[in-house]
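Protein chains in written order, with numbering that gives the first Met the number 0: chain A, 0 to 710; chain B, 0 to 531.
Worth flagging that the hints you see were computed from the coordinates, not collected in a lab. Any given hint could turn out to be false.
To be verified - Covered stretches of chain B (in silico footprint by chain A; criterion: 3 or more residues with CB under 8 angstroms from a CB of chain A, positions within the stretch not fixed):
no., region
1, 86-94
2, 340-347
Unchecked claim - For the chain B half of the interface with chain A, some residues (derived, Cβ under 8 angstroms), not all of them:
no., residue
3, K67
4, F71
5, E264
6, M496
7, D499
None of these values were measured; they are calculated from a predicted model. Heads up, the beta-carbon is just placed ideally off N, CA and C, and yes, glycines get one too.
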Amino acid sequence: MGSNYSKETIEQLKFGQGKTFYGDATLVILKAFLQSGVSYLGGYPGSPTAGLIDAISDAYEPILKDMGIYFDCSGNEASAAALLSASISYPIRGSVNWKIVGTNVASDALSHISSSGVTGGAMVIVGEDYGCDSTCVAERALPFALKSTMAVIDPRGDLQHLAKMVEEGFNLSEYTNMPVMFLLSTRVAHIRGKITCKDNIQPKISMLSPLNDLTTDLNKIPLPPFTYEQERNKFSKRIPAARQFIVERRLNEIIEGNDQNLGIITHGTIFNSMMRCLYNLGEANLYGESRIPILNLNVIHPLVPEEIVNFLRDKQAVLIVEEGMPNLIEEQIRAIAQRAKLGVDIFGKDILPQAGEYTPDHIIKGIGSFLLKNTTSTYEKERIEEKSEYIAKHKEKAANFLKEPVTKRNPVFCTGCPERPVFTAIKILEDKYGKSYYASDIGCYSMSGLPPFDLSNSITGMGIGLASAGALSRMANKRVISFMGDGTFWHSGLTTSITNAVYNKQDAVLIILENFWTSMTGHHENPASGRNMRQEGVGMDIEKALKGAGVNWIKKVNPYDLHESMGALEKAYKADKGLKVIISKAECQLEKTRREKVVIKRKIESGKRMVQPILGIDPDICTGDHSCIRYNGCPSLTLKESPTILRDDPIASIEHSCVGCGLCGEIAHAAVLCPSFYKVEVINNPSLFDKLANKVNLFFLHLITKNGWTN
Amino acid sequence: MERSSELLKILIPAVGGQGGGVLTEWLVQAFFLEGFEVQGIGLPGLSQRGGSTVYYLEAHPKASSNEKQIIFSQYPVPGDVDVMLAQEFLELGRALEEGYGSDKTTIVTSTHRIYSTLEKMPISSGIYSDENLRKLAINFSSKFIGFNALDIAKENGMDELGVNAILLGALGASEALPISEVAYLKAIEQAGVAVGSNIKAFRIGWDLIKSGKYTEQKAKPQQKWEEFIKERVEKLDAKMGEEYIKLISEIEKDYPTRLREILAEALFRLIDYQDVWYAKKYLRELQIIYDIDREMKGGFKLTEVFAKNLALWMSYEDGIRVADLKIRPERFKRIKEEMRLRDDQMFRVTDYLKPDAEEVYGLLPNLLIAPIVRFTETNLFRSYWPESKRLTVGQKPITTSFSGFLRLWLLTKLKFMRPYSYRYHKEHSLIKKYKNNVEKFARLNYDLGCIVAKSAQIIKGYGRVRRKAMDAFIRFLDNIIIPLAEYEKKSRKAFHMSLDIGEKSLKLILTSTEEISKAEKLAQDVMQGKAT
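Just chain A, with the same shape it has in the complex (with noise of 0.2 angstroms):
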């Protein structure tokens, strides 16, 4: 992985008190870890928490490492979950990140550790993705840290109370003993601002200092009898011990508003949102001051019963601003009123939609119906009334201005990828042998459900692709196949699909694109990578894992050679039942460009003989029947007018961002398609031979066309 941050960047995770550093979000959470004294760090990359992961990767070396911190480039969620056990017996604090997918996979080890219960603080940061910004599916992380016992963070938007929030978390996962989930949402992720700093804290344990005596406490081991105490302690314990905490550190927030009758209540991940959308209603001002009072929950499990009942007892009536379903915040809220005998009536998600993501427009709809049933004033219900809608109604007037909506734009392939050959060549393979059942998986490669493709039939997790056509490989008359990068080979694929297809004799092909990163959470090294993100080597192999697991029909490809992956798929198609494998072997495109570029201008620079390719299409040849995109999709390969005033539509053209790769010529060769493509291969720095060669073949050039012919 090249890295993310600048050296610069990361020496600001040395600096101490009262200094001002300027980073994005996961970077400021990288520095509390530190001033919190962690003495280990791990997690599996993925949209919003990926960016965590490359500022840990990259503070490895220069800062992490002589601090003894430990730092694990964990398998998968799992995995990274397991690492709190550290935690569970020592005073170790540590921190381990996933996206919000990840919990599924990790939720055995959280339920595990989460019972045994902690020493030192333990904290999950999970990447909280309700708008689903990038590939998951709409889940809030809460019902899980409810099932399990952790306690829950969600912190406003805004980095110093970030900081301020993980150093808190540590202690009450420390106070508590349960280990604490800390939910980071994309936009939260993503900004970019100050804070001024505090020491860093050098833990006590750590690799320069390590253990010496290892303790045996069986009270902290799940296993009956002791399970039965652990979850009575649970409540008995470390949920009043959280409940006292957080009071006592005023971790919550109330914003005293002079309206004696009405109160918000609402949470970390859409506060900010909140507040602007008071402001823009009149209702408040910039600087957190509200006419309505109002309580901002940085900790959204376990609730405080005595804090809610404060606030909500003398009030007519309060609003439950909360994103995402189930609504269990709402829903404990609603039951802590009723135990109270409180007569405040509560809205919430009556008045707010369900589900989705709320947006300001949604909140505010929502807060000027509320206002808008608790006001009598004529003079303001019509003020509330064009304030609170007048959103919605300019979207509306955008939405509908044009008949014909904005064309939409899908994400793509790069310029390059070897991922798109392999879909080109099924494609291609669709005219002959129709059409199969396509099993799709979790990375770049979920992309070819999009056009110009269109081969994907389900996407089900991640690692699971294979797995998921299990029945369907046998009841229905289809030939099954399903694609998995390298990435989810290591991180669940051997085990979950193929272990489980070779185990059940299931009849499919999968293909494996081995392109040595987790490109999509943006190039993570992974088992394939021969190299961790400590930047230690390895040798994992897929061939001889596959082997391992008893694969015996593999078979390697040059993806951008489509003749040789239109043979390997071919001859799979015809192979008898059982599952048969094709490994389809190239870099990333984009991480191999961004790599080479700077070593390829070097060595042209200092008179290397270097030759480049690049595509081109013949304008004059090209008849604009576009059919070369509906095979590729390629970034570079767009459209432009025609040299000719007779043709009306646009012809097809190489851009020079084109990394020469060879798949468009390949294309036209393989699908039949047309002779407008060519490969420009620039000889940088002629050899003597070249010239020479050169001189003969104008030499015979000149003999037959006797024009001044040069090259």
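Dock chain B against the given chain A, drawing on the hints supplied.
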């Protein structure tokens, strides 16, 4: 509660991988330098894969907040954005459609387009209308500054990433934000990304707006008629050039000015393609349609569409034509220019050629090959050699080398045989069908004639792709237009239905030739009274 008018909200709609993150960083740094509290947010997600993405900034002057902490919003609010700075025109349109622009928004945008996959896929053109985007931008802004920053970057020897600093310069000069030139420049320096070229690009953008000389889009320079002809005459040999000039004087006499350029290009193309007699043949065919056009006082739309499509069809791309175009000196000159090759660099060109059997034997004389082809279409032959098993002749000649060049050069020498070839025979029998139908339908109803004339636009591509297109074209005539018109003629109706379904069908087929079945069903349903 009091509202501060000093909170600034800036939205940056962008395409993933185009440097939006750096652009946002410059603005954040510039605001810091001017004593603002700032929050910048980027939403990469899947963005490095060329999808839509958006960056958002909020800033507030520290001096007026009395050191109190500002609560920034992480989400832009529709109708509440001060500045929209767009890297690409369609993405601006998308953000405007979502309601972010309003009468208090200043828009600074590049009007260049990065086409989305969905725009690129249809057979005809799926490109979203620039006109629509412009209308949106003007209606949902107080000030709209739009110019093609990519063209400017390229003119100045920069790549597409140069767009960002040019836009920043334009934004600076527009004075939409309280940031000084010095602060912008210092921000670029601090960010440390390609500082030299970005400062140069910033200046270009700045000067463009300050000088007031920016134009939204460069109008194409109108070429003079004489030059237009001269350019073409020069490409022909002396004798043909003379004949061409003669033909041009004919069309100058007979045809209206608006058709002149199209005809001049068509005649040039056909002389270049075959010979002068071939161009004359074209003019004769055209004359018939032109006469109808004049008779019916249609305003020459019919002639224009027919003239374009007939010329393209008559110059169908066979092996001889492709070989001819591939080895012209102009081609290698063009490649050299496009690659911006210097004299100390050499290059070689490899072509991807793969004609299928039909394209190969199509070059042979009709008399010889037609009986054989007829035999191959019999069931007997098909049982031995199914249609799916197609022969192709794949080769990748290096056209800049003597051996590769020679192969194509020899092929061009077959040009004299073309009029006797099987392919010529086949194409021209279909061209006749096309011409006859345009004639027939134009006499029936002018607009219907125009639709039929336009339908030849379906015919594109090579080999298999072209055969599919040809099939769709024939089915469009035989199964849609002809029966519909007959049906309406019988019931003595005006041709509303034929026009409506004809247009809809054509639109479908021009998205993908696979859609022909859908179009046929549409026509059938209408005739059976299932739909209106």
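Here is how each hint holds up against the structure:
{"no.": "1", "hint": "86-94", "verdict": "holds (count 4)"}
{"no.": "2", "hint": "340-347", "verdict": "holds (count 6)"}
{"no.": "3", "hint": "K67", "verdict": "4 angstroms, holds"}
{"no.": "4", "hint": "F71", "verdict": "6 angstroms, holds"}
{"no.": "5", "hint": "E264", "verdict": "5 angstroms, holds"}
{"no.": "6", "hint": "M496", "verdict": "23 angstroms, violated"}
{"no.": "7", "hint": "D499", "verdict": "18 angstroms, violated"}
Hint compliance for this structure: hints 6 and 7 are broken, all remaining hints hold.
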